[in-house]
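Chains as they are written, first to last, in my numbering: chain A, 14 to 327; chain B, 2 to 685.
Simulated from the structure, these hints should not be mistaken for lab results.
Computed from a prediction, not measured in an experiment: that's the story for all the values here.
Some hints could be false.
Claimed, not checked - To spell it out: a stretch of chain B is covered by chain A in this simulated footprint if at least three of its residues, at any positions, have a beta carbon under 8 Å from a beta carbon of chain A; those stretches are:
no., region
1, 413-426
2, 560-574
3, 604-615
Cβ atoms here follow ideal geometry from the backbone N, Cα and C, with glycine treated the same way.
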Amino acid sequence: MKEFAYQRAADIRDALIAGGGGARYLAGGTNLVDLMKEGVEAPTRLIDVRRLPLDGISEAADGALVIGATTTNSDLAAHPEVRRRYPALSQAVLAGASGQLRNMATVGGNLLQRTRCAYFAAQECNKRVPGTGCPAIAGAHHNHAILGWTRSCVATHASDMAVALTAFDAIVRYETLDGAGEIPLSEFYPPVGDTPHVETALPPGALITAVVLPGAAASPRSRYRKVRERASYAFATVSIAAAFTEGSVRIALGGVASRPWRCRTAEAFLLDSPGSFRAAAEAELSAAEPLPGNGYKVTLARNLIETVLKELQP
Amino acid sequence: MNAVGVAQPRIEGPAKVTGAARYAADVPIEGLAFGAVVLATVTRGRIRDIDVDAVRNMPGVLGVIDHRNAPRLNPKAGGFFGPDGQLQLLQDEMIPFAGRPVALVVAETLEQAQAAAHVLPVTYDEEPHDTNFTADHPAGRPAMTIFDEPVDVGDVEAELAASSVVVEERYRTPEEYHSAMEPHSATVWWDGERLEAIDSNQGPFVIAATLATLFSLSLEKVRIRTEHVGGGFGSKGLCGPQLILAAMAAHRFGRPVRVTLTRTQVFLTTAMRPATDQLIRIGADADGRLRAIWHEPAFEISPLVEYIEGCTELTKTLYAARAIRTRLTAVPLDILPPYSMRGPGAAPGSFALESAMDELAERLGIDPLELRLRNEPAAGPVSGLPFSSRNLVECLREGAHRFGWGTRDHRPRLRREGSLLVGTGLAATSFSAGAFPSSATITAEADGTFTVAIGATDLGTGARTALTAIAADALEAGTERIRLRISDSDLGPAWSAGGSRGTTSWAWAITEAAEKLRGQEWRGTVTIDTTQSLGGLPGRERHAYSAVFAEVTADPATGEVRVRRLLGMFAVGRVVNPLLARSQVIGGMIGGLSMALHEEGVRDPVSGRHVNADFAGYHIAAHADVPDIEADFVPDHEPGIPVGVKGAGEIGNVGTAAAIANAVWHATGVRQRSLPIRLDRVLE
Ligand SMILES: Cc1cc2nc3c(=O)[nH]c(=O)nc-3n(C[C@H](O)[C@H](O)[C@H](O)COP(=O)(O)OP(=O)(O)OC[C@H]3O[C@@H](n4cnc5c(N)ncnc54)[C@H](O)[C@@H]3O)c2cc1C
Ligand code: SF4
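Based on the provided sequences and hints, a complete structural model is requested.
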């Protein structure tokens, strides 16, 4: 691991001032520190934001739930209001990692965790150093994307939590030295294009302060279902967050694209033909472009949409 | 009172759970320097340059050892399979596989060594490589024949032609990795002319002998200790790269050096179970009596060293068939040299054989249990030798009874629970038993205790506890009077913890030494070597046996297979310690479950490199994958070996994969002939 300076931020402004250049915010460290050990990340300075007053979950006047950026994954999953109004979110978080990791991992860090593409961890590639190629496309891509990828990168986003947040139209709040801002999760992860190294729409040096769950998206009738290669402690092969709210269905898939994949096509289809789950799934997945080694994900995603919606429908 | 047969927890258990037990990488040593290994990133080629100057002045760096300054090693050094090119580290610029060590960076601290190793510039001239294993690969040739040699009994072709039903299928297993919890670590220093090492291995004497040959030292000049080992599963049976490189560095820098492999390096440069591709033809009469078994496995090797994945050993002994033919093909490729992994040969071989038997039962319309019972041989089907003791039928019957096999509807895809399909399956299996020469020394101490010294190793299996019980009974003393000394090459020649022959070999030596001490009226010191008495062991078919039963669920919508129930009945000779033996076979069954559903080394088709060389990518069963496992023993006794033991180290791994694959067929109606049974292979 490369040597680095460590500093504990006294307050948000202190963090933002220290946050420029080669610095990185350190939250739970469960992803960042691993990547530093592998040499994938080599920050010159770590700014510990864990002690900032950004943890905890509160209800806003408009009924939204505001989740502080340093709230641990464990606290988020256990929160009674999250479990009551957004059960798919609680289930998604609990389907990830292990109890020990969830006690350390934070909401902000979870959103910014990097891909689990095995090449990314082991060698240079387009996502690490633009122009160095994507060995996964001709290589081992069993776990890679089927939707929205380009020849420059076919990696998936690994977060379970973000899939549920996407289904609930969550909004990311951040601060920079120039002021505060908001980005809807649906725009938080930009399309891959030919810039797979650009992973978020956050301005440089931005500190995530909270994630907001709109009150209108609350859905006790929601579920997260994660399919993986073993019963626990594995990233999703394909996962789904689905929610029935008044007059609409919300669907997001994990493990299929560089970002949580909101199934707008399927949702619109179901508005016209309620209950036609399989046809809706097929409409959504007609855009899929599987590689030779991951075509099974198309079938799996289709089956998941169909079976989960069937079980969940009112 | 007998100590053998009594359930006792591990003697060193409290030390292990409190952290007091020191593993090879934990032992404090004065003046220690650390080595970090640099591995080749190309699959075949030559080193063009290693720019040592680029790291020489980095903080703490003492120096770099590579092929230009490493001590010359003796090319004759090797092991069971002859001279071993994998041991010839840093001897030339050739790269025979990705993951071959090319340099060792030595520094004052581990972090400094790793930092320099990470940035050491190494350039290569790449050459075309071939890592693409197929059974009909043009380079394929007959495997070495020191064991599992080809056999021909009867007229296989004629018997197949005369059979009413013939199963002819191919079964495939991927590269699998031992994945012991403790990474390979060695600490080496020179005590004057003598090389001392604390190493993580499966047999200090055997390793010391190899290391002495490699460095052209006399055996007395090498001492290796191995107090606690966090699992080996075969991967620590060899003189490991950590030990060879640490020995080089200790010599060059004149101080103690520790080399510990990272997890990824353990994957890339220690050992693996080779991929196999096995063609089986089985023919039977309509009543299920076997006419012919023809088993032709191919497996991959490296040109650096011979190896035999003895997939057909079971085929030669498990069932009575009029004709048996086996042929083993080895395919040399530019890969990490494979080596024995728990249940070598038998684990992939039984997957093929026991899957094929299940397919035969299906096509005959016979209960798979009944098919096995109908083909019980009276003597070795190939050897003609009598069985020393054979309790497979007891395992099958008792297992079937406890599992509730009798109520099974043998047709597939009939049981449903909600969206899940449910099925059951079984497999029968055997694993050869025997012993190898070992020596032991026993001293009757003045205080009434006995010091029992033997170069055995405890890989975490409980060998220390089992040998203490064996010694106590042999010396007619309570276990509290036994002081066992193990894990030290200075204690004399001894077989390793491997081949399910550790306990048998060591028990033999201890009982023989005790016998001699009895002749001296329990006074003084005796040292014995069992080479002679082992020679007198009559030729027999000696095997441990088991029957494994599995119940699985399969979700056709997602392809997820979960094992709900596993039950194994075992005949492993006399059970020295039921608690430890049960833990051994349960561990083995979990290994088999992991083999069935999860484990798969993945290679990049372009670069030839191993892609999933860590625990994030190489999945082994997690706790949630492991159901409540039942394992028990039928009464058994091995008449030829002292104490009546056969060995329980590996049989648990064998058979489980086939039992699970057969259960998946019963659940879904689809045969799984390639492992692992990934969800994309089951998804509908
Ligand atoms: C073995 C293992 C298994 C796992 N399994 C799963 C799984 O199944 N599903 C899943 O979803 N996840 C899984 N994870 C990932 C885990 O959820 C993430 O590592 C974790 O959520 C990251 O949170 P953290 O607080 O530790 O982030 P850190 O590692 O501290 O940071 C991650 C990144 O976020 C940045 N960052 C952190 N906080 C902020 C902030 N407030 N503002 C701006 N930037 C910030 C950091 O600079 C860094 O770049 C697993 C991780 C491990 C190690
Ligand atoms: S898929 Fe993306 S992360 Fe993976 S190797 Fe290709 S460019 Fe790198």
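Hint by hint, here is what the structure shows:
Coverage of the region 413-426 of chain B by chain A is violated in this model, with 1 residues showing a Cβ closer than 8 Å to a Cβ of that chain against a need of three. Coverage of the region 560-574 of chain B by chain A holds [criterion: at least 3 residues with CB-CB distance below 8 Å; count 3]. Here the region 604-615 of chain B counts 9 residues with a CB under 8 Å from a CB of chain A, which clears the bar of 3, and the coverage holds.
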